[in-house]
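Using the sequences and the hints given, assemble the complete structure.
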Amino acid sequence: MSFPDHVLFGYSRAAPRAFTQAMDNKTKLGPDELWVGQWSNDWVGFDSFSINGTQYVCGVGGLHGTVFIQKILANGVPGQEVYREKTAHAWYVCAQYQVSGHNFILFHGRDNDYEIRKLDEDGRILPGAIQKGRWKAQYSSVFSVIFADGRVYLCGFSSTTKRFFTQPVKSDGSLAADESYSSTWSSIYNPVIPVKLASGRVFVWGQTASKNYWFLQEMLSDGSLVRNESDNGRFGDHYQTATAVTIDGVTYLMAQTADSNKKFFTQIVQENGKLAKEETQSNNFRNYYTYFSVYKTTQIAPEDGWMTKNYNYIHNKTLKEIVIPGAHDAGMSDSIDCTSTTNAVNTRTQVLGMAGQLSAGCRYFDLRPIVSVEPGKGAESSAVYLTGHFSEVPVVGIQGCFGQDMNSIIHDIQKFSNDKNHRNELIILKFSHYAKAKRHNNSPSTVTGFGWDPADKRKFADFLRNNLGDLLVTNRSDRRIGTFRYDEIMACGNKDKAKILVVIDGLPSDIRSPETGIFRYHDYPYDKYDPDFISPNVDLCVYDEYSSTNEYWKMEADQFAKMDDPANHGGDMYVLSWTLTQSDGQAALSATHLPQSILDLAREANGHLGEAVGRIMEKNKKLWPSVLYVDNVDPSVASLCELMVQKP
49 MSFPDHVLFG YSRAAPRAFT QAMDNKTKLG PDELWVGQWS NDWVGFDSFS INGTQYVCGV
109 GGLHGTVFIQ KILANGVPGQ EVYREKTAHA WYVCAQYQVS GHNFILFHGR DNDYEIRKLD
169 EDGRILPGAI QKGRWKAQYS SVFSVIFADG RVYLCGFSST TKRFFTQPVK SDGSLAADES
229 YSSTWSSIYN PVIPVKLASG RVFVWGQTAS KNYWFLQEML SDGSLVRNES DNGRFGDHYQ
289 TATAVTIDGV TYLMAQTADS NKKFFTQIVQ ENGKLAKEET QSNNFRNYYT YFSVYKTTQI
349 APEDGWMTKN YNYIHNKTLK EIVIPGAHDA GMSDSIDCTS TTNAVNTRTQ VLGMAGQLSA
409 GCRYFDLRPI VSVEPGKGAE SSAVYLTGHF SEVPVVGIQG CFGQDMNSII HDIQKFSNDK
469 NHRNELIILK FSHYAKAKRH NNSPSTVTGF GWDPADKRKF ADFLRNNLGD LLVTNRSDRR
529 IGTFRYDEIM ACGNKDKAKI LVVIDGLPSD IRSPETGIFR YHDYPYDKYD PDFISPNVDL
589 CVYDEYSSTN EYWKMEADQF AKMDDPANHG GDMYVLSWTL TQSDGQAALS ATHLPQSILD
649 LAREANGHLG EAVGRIMEKN KKLWPSVLYV DNVDPSVASL CELMVQKP
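If you count by the numbering used here, then the sequence shown holds residues 49 to 696, one letter each, in order.
These are computed hints drawn from the structure, not numbers from a lab. Among the hints, erroneous ones may be present.
[Unchecked claim] The calculated DSBU-like cross-link candidates involving lysine-lysine, where the alpha carbons are at most 35 Å apart (straight line), are:
1. Lys507 / Lys468
2. Lys486 / Lys543
3. Lys463 / Lys368
If you want it as structure tokens, here you go:
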């Protein structure tokens, strides 16, 4: 899967929602968003920066006093947070800069205080402040400017005093005692941003709500602004969010209005400091975004075909002997048609949809199908398959939300699997937790109960066969598929396409059909009381036990204790269930949009996964997991799996 050279990142405080969208080298946006994130906190200030080629975004939370720094992965999708801190101050703006080969970040709040901290090479904030101080005013816009001769300035504009200043940064990262330049402007400008051209010339661009006047004015390397504006004019709207980016030697101004039109445009800034007459593009977004940045991406997501790339490491191993990323409740990348006590906060487990999860390298998918029928129209003709996250709640009844619909999931799988570059990728679809729903005319479906009878499972097996066709792994031998080597599984399907292994929990023996690609899943240890359980009729037996806690250290201890017990490794695969579970109180409070969400908990758990894998790799391989199973799966999990499969 090819990725664009750049992506546009945006954040909306109102939603609160973040996204990345493909952008070509002339800033034209692609039709679809690459990634969407529903963030639980309100972030009031941002900055984006790069350290040793790795890109990051930093956010500050104002009154809730939180600072985070998150890595932007090579494919333009936000990865794991590298840093989060609850601070004593309510910071509202942040500005990163580099001087003398070291990286620093300045924070500033409404009490006029500022604080400068040093960053390490991995984007983390080091303990202790380089400098603390207090300005004479609160500055609504603060940014850094770095000139070709190495001189660095912190610049700011105050919406209360209308004052603009530049202040030199010393070689140790601290601010010089005296400002280089200051002036009081005639109007309040918002936004005020730097515009650095490919030639190295630096301009300041700003717009005021007063008659929508805007200007461009050059900043010299001594920190002063030239007397006359290089360009100015009046737009038809007030663009309250803006950024500038240089791509292939051309600099673009990008901005969006906060009015009902939510217009977004890009326009070239010429080398003489004037705006080109014509916009390069104009769009109307659904949301107003309070922050924009542009990130450079690689051409190919490294995790997109990671199993094909590592085929020589895995071809002669069984599924138990390799390690793949897994997505818990993989259909819940969206939360729609929710009941009264639920929303995305207590039902959404994934940020990426099926296409994004596949491109991120995920290969084991926990899917929970719901069959919805329309009474009076016949179950056969009206049945549609959905996914969802539902449970029975005392007093109020069945509660939950629907996720990505099954047709969309199948479409994403087909598109990914038909790419010849993915011919040695194995995708395992595990179906369980069945539910039934009804709908009337075009109204949303309503879940009416849990569990499917054999007829429901037979129809669903037919649905999968009809839609996945020659992508399915099939088995006409007497051996169980769970005992096959990876290369043997790859030989059980179309050699030019990815292979889909469908395993269905609770599948009756008379519906099980390995020769047509429908396999039976069973939890390990074997259930000796299951009257339908006969070892040859169970195709894939998997150990999968979650910890049922919202406390990270309890989950970690429990998962390692389970993994270290050889008795738990007798099945065909072992799932390391690296997930935190909302308490009843958290789930209930989530209905009022209070923390912590499932994705908040995932952020905490996933932030420790790299360290956990390091510990696992020191163990006997016979006690390794075969699935790293997470909420909010992203490419970093596939990167960890690559490390594990490559270890001798």
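- Query: CA of Lys486 to CA of Lys543, is that 35 Å or under?
  - Reply: The hint is violated at about 40 Å.
Quiz item: Taking 35 Å as the top limit, are the C-alpha atoms of Lys463 and Lys368 close enough?
Solution: holds (27 Å)
Please verify whether Lys507 and Lys468 have alpha carbons no more than 35 Å apart. holds (30 Å)
Violation of the numbered hints given earlier is confined to hint 2; every other hint is satisfied by the structure.
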